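A.B. asks: Okay, here's what each chain looks like letter by letter:
There are 2 protein chains.
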Amino acid sequence: MKIILDAMGGDLAPKATVLGAVEAVKELGAQVVLVGRGDLILAELQRVGYSTLPTGIEILDAPDVVDMHDAPETVVKQRKDSSMIVGLRALAEGQGDAFISAGSTGALLTAATLIVKRIRGIRRAALSPTIPCQGGQFVLIDCGANAECTPEFLLQFAFMGSFYAKKFLEIRKPRVALLNNGVEDSKGTDLQKQTYPLLQQADRDGHIHFIGNIEAREVMTGGCDVLVTDGFSGNVFLKCVEGTAKFFSGELKSIFTSSLGSKIGALLCMKGVNGLKKKMDYRETGGTLFLGISKPVIKAHGSSDERAVFCAIRQAMQAVTSGVTNEIAANIDAMRAVKE
Amino acid sequence: MKIILDAMGGDLAPKATVLGAVEAVKELGAQVVLVGRGDLILAELQRVGYSTLPTGIEILDAPDVVDMHDAPETVVKQRKDSSMIVGLRALAEGQGDAFISAGSTGALLTAATLIVKRIRGIRRAALSPTIPCQGGQFVLIDCGANAECTPEFLLQFAFMGSFYAKKFLEIRKPRVALLNNGVEDSKGTDLQKQTYPLLQQADRDGHIHFIGNIEAREVMTGGCDVLVTDGFSGNVFLKCVEGTAKFFSGELKSIFTSSLGSKIGALLCMKGVNGLKKKMDYRETGGTLFLGISKPVIKAHGSSDERAVFCAIRQAMQAVTSGVTNEIAANIDAMRAVKE
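For the record, the sequence lines run as chains A and B. Mapping of the first sequence onto our numbering: position 2 corresponds to residue 2, and the numbering continues sequentially without gaps. Heads up, our numbering is the position in the second sequence plus 340, with the first residue counted as 1.
Quick caveat, the hints were computed from the structure, so don't treat them as lab data. From a predicted model like this one, the values you see are computed outputs, not experimental measurements. There's no promise every hint is true.
Here are the computed lysine-lysine pairs in the BS3-like style, where the Cα-Cα straight-line distance is at most 30 Å [to be verified]:
| id | chain 1 | residue 1 | chain 2 | residue 2 |
| --- | --- | --- | --- | --- |
| 1 | A | Lys173 | A | Lys26 |
| 2 | B | Lys619 | B | Lys603 |
| 3 | A | Lys193 | A | Lys173 |
| 4 | B | Lys617 | A | Lys253 |
| 5 | B | Lys366 | B | Lys617 |
| 6 | B | Lys593 | A | Lys278 |
| 7 | A | Lys187 | B | Lys417 |
| 8 | A | Lys278 | B | Lys586 |
| 9 | A | Lys277 | B | Lys342 |
| 10 | B | Lys603 | B | Lys507 |
| 11 | B | Lys586 | A | Lys167 |
| 12 | A | Lys246 | B | Lys527 |
| 13 | A | Lys279 | B | Lys619 |
| 14 | B | Lys603 | A | Lys263 |
| 15 | A | Lys278 | B | Lys618 |
| 16 | B | Lys593 | B | Lys618 |
| 17 | B | Lys619 | B | Lys342 |
| 18 | A | Lys279 | A | Lys263 |
| 19 | B | Lys513 | B | Lys618 |
| 20 | A | Lys77 | B | Lys586 |
| 21 | B | Lys342 | B | Lys366 |
| 22 | B | Lys586 | B | Lys611 |
| 23 | B | Lys593 | A | Lys279 |
| 24 | B | Lys355 | B | Lys342 |
| 25 | B | Lys618 | A | Lys253 |
| 26 | B | Lys420 | A | Lys187 |
| 27 | A | Lys278 | A | Lys246 |
| 28 | A | Lys279 | A | Lys166 |
| 29 | A | Lys271 | B | Lys611 |
Start from the sequences, fold in the hints, and give me the full structure.
C.D. replies: Take a look at the structure:
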């Protein structure tokens with residue numbers, strides 16, 4: 001299996017991408033194609049002691065880089081020699097099995113849609129991170145790719161999220177819920193009201209296990225395995241979890257350092273605190289799969305370090321072997337909203 | 341000043357409401373009108389040693405109670421003898437200065453709008469809780485009263501939230517921000533895109549201090565004083581903070597109780613942990629003011645205990661003396677979206 005990696009994407013590239021790739025080749029037996037400026041990639045490899053290309057690593061030269069300020073819709077044309085675009089083209093042409101980039105999310109989504117294409121019948125690709133919650137984790141779909149959605153988009157998100165939870169979280173019958181401002185089926189805006197019966201029907205037809213509307217509070221306490229929502233609310237949700245977690249970490253830090261006694265107290269609790277830190281660490285997940293694209297494309301966190309890149313490669317390999325893309329394609333007929 | 345209190349609203353009524361009122365009369369010099377079943381209210385008073393009505397407490401008899409399952413739009417007609425409706429009518433007729441209920445939010449908002457009425461020119465009343473964040477707290481408006489909003493609603497929320505932050509949080513120049521999925525002014529759905537220039541104009545005209553779009557993460561780390569959003573996203577935001585806080589409390593609890601060492605550690609950090617608990621305790625705020633109604637109406641938390649009722653009465657008194665309602669009414673001309 002061959003993973004194509006944008007060696008230039010992300011705040012810590014190319015150092016983090018090159019080192020993460022080397023580690024993945026060693027530990028996971030991955031084959032990695034590093035896309036980017038060959039001279040910079042070779043220099044990073046030399047810095048860690050490789051005078052020639054290590055086995056399992058290839059370089060695909062791309063002189064340009066997508067900038068965070070590039071408008072997503074312009075990169076395919078105006079940055080055609082960038083590591084992101086060259087890498088996506090290599091994926092589309094079958095030079096590898098999956099593509100990873102820590103570059104601009106918007107640019108990656110737009111370019112993946114144009115170059116690698118969506119699975120036939122899928123209206124929109126979605127961003128679907130897994131988020132820790134009480135008792136485990138859940139899949140959030142969509143978390144920002146599509147600010148405005150139709151009920152049919154959400155129906156497709158429900159299917160794709162459910163397949164993903166089965167394959168990646170190993171949940172036999174994922175509980176799919178619709179994010180809403182109350183649990184009654186009359187709640188929400190027109191979008192939620194119209195999506196609800198579609199999800200009910202998909203449940204009756206045996207395609208997904210729809211448990212109804214859910215409020216954000218119950219999600220974090222483990223109320224569902226797949227949280228379906230439009231990209232705007234999903235983005236608010238994800239960033240609110242991150243912000244609240246950051247707020248709590250800050251508060252805890254000041255509690256633990258406020259006096260000599262509390263410093264000793266902190267030492268005594270260190271093991272548990274580190275466990276929680278690890279649970280909340282985005283690096284361990286790797287990245288976020290774009291569900292709905294015809295081949296696995298993964299967005300790694302913009303500030304990915306070597307460990308995060310390693311985990312993203314592991315996740316990409318899992319995406320390939322899981323066959324989640326094929327499962328979506330095979331079920332596409334059930335994922336259409338019947339027109340009234 | 342006279343505060344009208346729905347003695348029957350909330351999970352712990354009438355015990356919590358009666359005891360909270362008795363405490364507020366003692367501590368704050370409030371006058372409280374308890375609305376509800378006289379026999380039950382008197383029984384609660386007797387239980388704590390009052391054989392006659394204490395000074396400062398009145399009873400307004402209402403034989404019926406609004407049920408949590410009543411459809412909001414039906415309560416004014418079908419529950420006209422309920423404590424909520426009788427209380428709101430008393431407020432409208434000038435028998436008191438503010439009304440508090442821990443009953444159904446939807447019913448209270450609908451009934452307050454129909455009976456007490458909105459301030460002339462205000463399109464929608466909004467729910468505006470204050471939420472703790474790094475370095476202090478901020479006002480969230482709207483958090484669920486209006487799932488679907490127009491840009492003009494949001495413009496009015498920005499004004500009302502700003503006045504509220506000035507009066508209640510004592511911030512001279514509150515930083516008003518629009519909740520969005522990115523900071524660029526092109527971000528969001530049509531609602532955010534159309535609201536942005538209205539808020540910019542209000543800033544240029546010197547009415548509010550608009551600092552632009554904000555992502556949910558930055559809100560929790562203290563990025564704004566007033567967070568403007570539609571009721572759907574606001575509800576997701578609020579409940580996500582609550583859920584994440586609950587998740588963290590659970591994690592901390594298991595860290596602190598996992599071993600003898602960590603138990604000792606927890607004891608050494610107890611002071612700080614209790615401080616954080618108090619900061620996150622909704623009871624200390626009291627309730628949520630409905631901004632835009634012509635007289636102060638406060639929704640107390642459904643599970644309000646005696647302390648929460650006491651704080652809600654304190655908040656109601658503050659709402660009356662602050663003159664926030666008058667300030668909204670005086671500025672209504674600046675709060676209209678100019679039609680293109």
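A.B. asks: Decide, hint by hint, whether the structure agrees.
C.D. replies: Verification of the hints:
1. A:Lys173 - A:Lys26: Measuring from Cα to Cα gives roughly 35 Å; hence the hint is violated.
2. B:Lys619 - B:Lys603: 23 Å, holds
3. A:Lys193 - A:Lys173: Holds, at about 24 Å.
4. B:Lys617 - A:Lys253: 15 Å, holds
5. B:Lys366 - B:Lys617: The given pair, whose Cα atoms are some 26 Å apart, holds under the 30 Å limit.
6. B:Lys593 - A:Lys278: 17 Å, holds
7. A:Lys187 - B:Lys417: 22 Å, holds
8. A:Lys278 - B:Lys586: 18 Å, holds
9. A:Lys277 - B:Lys342: 50 Å, violated
10. B:Lys603 - B:Lys507: With Cα atoms ~43 Å apart, Lys603 of chain B and Lys507 of chain B exceed 30 Å; violated.
11. B:Lys586 - A:Lys167: 28 Å, holds
12. A:Lys246 - B:Lys527: Measuring from Cα to Cα gives roughly 24 Å; hence the hint holds.
13. A:Lys279 - B:Lys619: 25 Å, holds
14. B:Lys603 - A:Lys263: Holds - the C-alpha atoms of Lys263 of chain A and Lys603 of chain B are around 14 Å apart, at most 30 Å.
15. A:Lys278 - B:Lys618: Holds: Lys278 of chain A and Lys618 of chain B sit about 27 Å apart, inside 30 Å.
16. B:Lys593 - B:Lys618: Holds: Lys593 of chain B and Lys618 of chain B sit about 16 Å apart, inside 30 Å.
17. B:Lys619 - B:Lys342: 29 Å, holds
18. A:Lys279 - A:Lys263: OK: Lys279 of chain A and Lys263 of chain A at ~23 Å, within 30 Å.
19. B:Lys513 - B:Lys618: 27 Å, holds
20. A:Lys77 - B:Lys586: 47 Å, violated
21. B:Lys342 - B:Lys366: 14 Å, holds
22. B:Lys586 - B:Lys611: Holds - the C-alpha atoms of Lys611 of chain B and Lys586 of chain B are around 19 Å apart, at most 30 Å.
23. B:Lys593 - A:Lys279: 15 Å, holds
24. B:Lys355 - B:Lys342: With Cα atoms ~20 Å apart, Lys355 of chain B and Lys342 of chain B stay inside 30 Å; holds.
25. B:Lys618 - A:Lys253: Holds, at about 17 Å.
26. B:Lys420 - A:Lys187: Since the Cα atoms of Lys420 of chain B and Lys187 of chain A sit roughly 25 Å apart, the hinted pair holds (cutoff 30 Å).
27. A:Lys278 - A:Lys246: 14 Å, holds
28. A:Lys279 - A:Lys166: 20 Å, holds
29. A:Lys271 - B:Lys611: 21 Å, holds
This entry does not satisfy hints 1, 9, 10, 20, going by the numbered hints stated previously.
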